[in-house]
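There are 2 protein chains.
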Amino acid sequence: MRLAELSERSGVSTATIKYYLREGLLPPGRRITATQAEYDEEHLRRLRLVRALIQVGGVSVASAREVLAALDDDSLDHNERLGTAVWALPHGRPADPDDPATETARQRADRLLELLGWGYGPLTDVTPPAHAMLVTAIATLERLGYPCTVEDLTPYARALGQLAVHDLDLVERYGGTADEQVEAAVALTVLYEPVLLALRRLAEAEESRRRFGRQ
Amino acid sequence: MRLAELSERSGVSTATIKYYLREGLLPPGRRITATQAEYDEEHLRRLRLVRALIQVGGVSVASAREVLAALDDDSLDHNERLGTAVWALPHGRPADPDDPATETARQRADRLLELLGWGYGPLTDVTPPAHAMLVTAIATLERLGYPCTVEDLTPYARALGQLAVHDLDLVERYGGTADEQVEAAVALTVLYEPVLLALRRLAEAEESRRRFGRQ
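Heads up: the protein sequence lines correspond to chains A and B, in order. Mapping to my numbering: the first sequence position 18 is 18, numbers consecutive. Mapping to my numbering: the second sequence position 66 is 1066, numbers consecutive.
Derived by calculation from the structure, the hints in this document are not laboratory data. Here a beta-carbon is modelled for each residue, glycine too, at the ideal position from N, C-alpha and C. The reader is advised that the hints may include incorrect statements.
Stated by the list, open to error - Result set (SDA-like, lysine to any residue): computed pairs, CA atoms no more than 25 Å apart in a straight line:
{"id": "1", "chain 1": "A", "residue 1": "K18", "chain 2": "A", "residue 2": "A101"}
{"id": "2", "chain 1": "A", "residue 1": "K18", "chain 2": "B", "residue 2": "G1145"}
{"id": "3", "chain 1": "A", "residue 1": "K18", "chain 2": "A", "residue 2": "R65"}
{"id": "4", "chain 1": "B", "residue 1": "K1018", "chain 2": "B", "residue 2": "R1048"}
{"id": "5", "chain 1": "B", "residue 1": "K1018", "chain 2": "B", "residue 2": "R1002"}
{"id": "6", "chain 1": "A", "residue 1": "K18", "chain 2": "A", "residue 2": "E8"}
{"id": "7", "chain 1": "A", "residue 1": "K18", "chain 2": "A", "residue 2": "D96"}
{"id": "8", "chain 1": "B", "residue 1": "K1018", "chain 2": "A", "residue 2": "G58"}
{"id": "9", "chain 1": "A", "residue 1": "K18", "chain 2": "B", "residue 2": "D1099"}
{"id": "10", "chain 1": "B", "residue 1": "K1018", "chain 2": "A", "residue 2": "E114"}
{"id": "11", "chain 1": "A", "residue 1": "K18", "chain 2": "B", "residue 2": "Y1146"}
{"id": "12", "chain 1": "B", "residue 1": "K1018", "chain 2": "A", "residue 2": "E8"}
{"id": "13", "chain 1": "A", "residue 1": "K18", "chain 2": "B", "residue 2": "R1048"}
{"id": "14", "chain 1": "B", "residue 1": "K1018", "chain 2": "A", "residue 2": "R65"}
{"id": "15", "chain 1": "A", "residue 1": "K18", "chain 2": "B", "residue 2": "E1142"}
{"id": "16", "chain 1": "B", "residue 1": "K1018", "chain 2": "B", "residue 2": "E1005"}
{"id": "17", "chain 1": "A", "residue 1": "K18", "chain 2": "A", "residue 2": "G29"}
{"id": "18", "chain 1": "B", "residue 1": "K1018", "chain 2": "A", "residue 2": "E142"}
{"id": "19", "chain 1": "B", "residue 1": "K1018", "chain 2": "B", "residue 2": "E1042"}
{"id": "20", "chain 1": "A", "residue 1": "K18", "chain 2": "A", "residue 2": "E80"}
What the hints assert, rightly or not - Derived list of chain B stretches under chain A, where covered just means 3 residues or more per stretch with a C-beta under 8 Å from a C-beta of chain A:
{"id": "21", "region": "1035 to 1042"}
{"id": "22", "region": "1064 to 1077"}
{"id": "23", "region": "1136 to 1144"}
Okay, chain A solo, but in the shape it has when bound (with noise of 0.2 Å):
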């Protein structure tokens, strides 16, 4: 297809497409003449989930080239590649290092994913950067005097993780390929995370309304 129907289909405007292009957020079109160019299914996908990181993950250019690196770096297995293309997606600022506040929402951070059997925390070397941002929300609990315990996490941890096996189930519906697989899972990473917090307030909404709400 030509730039004009890429960019129907995508609902991107072609000055937005040629402008991801020259940041090799796009690989090249296949040039037909001196100036045009051929697109196909696989730039149609692509330019989705770039769109999908920057408009909805709030992604700068170049994280998104960073995670589109991941994405495409053959060297790596499918599990790896996944999870190098999330860890490129922005984590938020790490906590402070001389907060006390810091130090005790480690170990609680640690003390949950060993709880559950997940394979972080100081069971191995390799920290994902989710555990930093873990790390820095519950010290900002803390420090602002909502002081919360491995307790109080554990039915929250424990509800992500059965929602991440419909998370998978989904990424293997939508891809059929390993690497459509691989670019859905990033893309319904993001994409959910405004689904979620949506239906988190709506459901408080919902059980404020049971307990306080005028009968």
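Fit chain B to the given chain A structure using the hints.
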């Protein structure tokens, strides 16, 4: 306590506290001399909430002021104050009403909420902003080539419904008075979001390792 102690106990610089006072995000202290004022535990609690909203929630000063106004509105009952305060939080951009994906997404969101028996969607004439946030998220999934059905969304909604019970249990534990409970509810809504997103990424990495990892 004096400004210096309020700063030390909250971890917020005196310059930032003065800024919040000028912007009306903190009520003025009790003046004791021409240049000094006295602050109490309520200031400390409010300051922590403002910190949670602005630093973690990415809430603007104007939105934070709106959240706080809802907290302080004595004409509302407990449930209404809580709901109104959470409604004033940012909920992202609304979906494009001219995009056909938006209408499809709205129907799915309404069908889901009806199925769950949550008091929103077509059943009431007041639509919370989290509903628009959900519609936008579903429409974006659709537009980016990952259409999701009501059945896909149901496990997420059910899990978050169960977690909302824990959320409100925490709110009741942290907040002694009704005022404190409403403050805690808003703070925890914001502060647990990164906890959930971090746990989700860790859970997905664990599930991916189980399915696709080298044995």
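Status of the hints after comparison with the structure:
Restraint check for K18(A) and A101(A): not satisfied, since their Cα atoms lie roughly 46 Å apart, outside the 25 Å limit. Straight-line distance between C-alpha atoms of K18(A) and G1145(B) comes to about 21 Å, which keeps the hinted pair within the 25 Å bound. A distance of roughly 15 Å separates the Cα atoms of K18(A) and R65(A); the hinted pair therefore holds under the 25 Å criterion. As the CA atoms of K1018(B) and R1048(B) are separated by approximately 14 Å, the hinted pair is consistent with the 25 Å bound.
Our distance criterion of 25 Å between C-alpha atoms is met by K1018(B) and R1002(B), whose separation comes to about 12 Å. The straight-line distance between the Cα atoms of K18(A) and E8(A) is roughly 14 Å, inside the 25 Å bound, and the hint therefore holds. Between the alpha carbons of K18(A) and D96(A) the distance comes to roughly 40 Å, so the proposed pair goes past 25 Å and is violated. The hinted pair formed by K1018(B) and G58(A) fails the criterion: a straight-line CA distance of about 31 Å is larger than 25 Å.
The straight-line distance between the Cα atoms of K18(A) and D1099(B) is roughly 23 Å, inside the 25 Å bound, and the hint therefore holds. Restraint check for K1018(B) and E114(A): the C-alpha separation of about 43 Å exceeds 25 Å, so the hint is violated. The straight-line distance between the Cα atoms of K18(A) and Y1146(B) is roughly 24 Å, inside the 25 Å bound, and the hint therefore holds. For a cut-off of 25 Å, the pair hint linking K1018(B) to E8(A) is broken: about 51 Å separates their Cα positions.
For the proposed pair K18(A) and R1048(B), the alpha carbon gap of about 45 Å is over 25 Å, so the pair is violated. With a CA separation close to 41 Å, the supplied pair K1018(B) and R65(A) exceeds the 25 Å bound. About 24 Å separates the Cα atoms of K18(A) and E1142(B), which keeps this hinted pair within 25 Å; it holds. Taken as a hint, the K1018(B) and E1005(B) pair is honoured in the structure, with Cα atoms around 13 Å apart against an allowance of 25 Å.
Between K18(A) and G29(A), the direct Cα distance comes to roughly 11 Å. Compliance with the 25 Å bound is thereby established for this hinted pair. Annotation: proposed proximity of K1018(B) to E142(A) holds, straight-line Cα distance about 24 Å (limit 25 Å). Between the alpha carbons of K1018(B) and E1042(B) the distance comes to roughly 16 Å, so the proposed pair stays at or under 25 Å and holds. Taking the CA atoms of K18(A) and E80(A), the gap is near 31 Å; set against the 25 Å cutoff, the hint is violated.
Counting residues of the region 1035 to 1042 of chain B whose C-beta lies closer than 8 Å to any C-beta of chain A gives 0; at least three are required, and the coverage claim is violated. Check on the region 1064 to 1077 of chain B: 1 of its residues sit with their Cβ under 8 Å from a Cβ of chain A, so the three-residue criterion for coverage is violated. Only residues whose C-beta sits within less than 8 Å of a C-beta in chain A count toward coverage, and the region 1136 to 1144 of chain B has 7 of them, enough to reach three; the restraint holds.
Of the numbered hints stated above, those contradicted by the structure are hints 1, 7, 8, 10, 12, 13, 14, 20, 21, 22, listed in ascending order.
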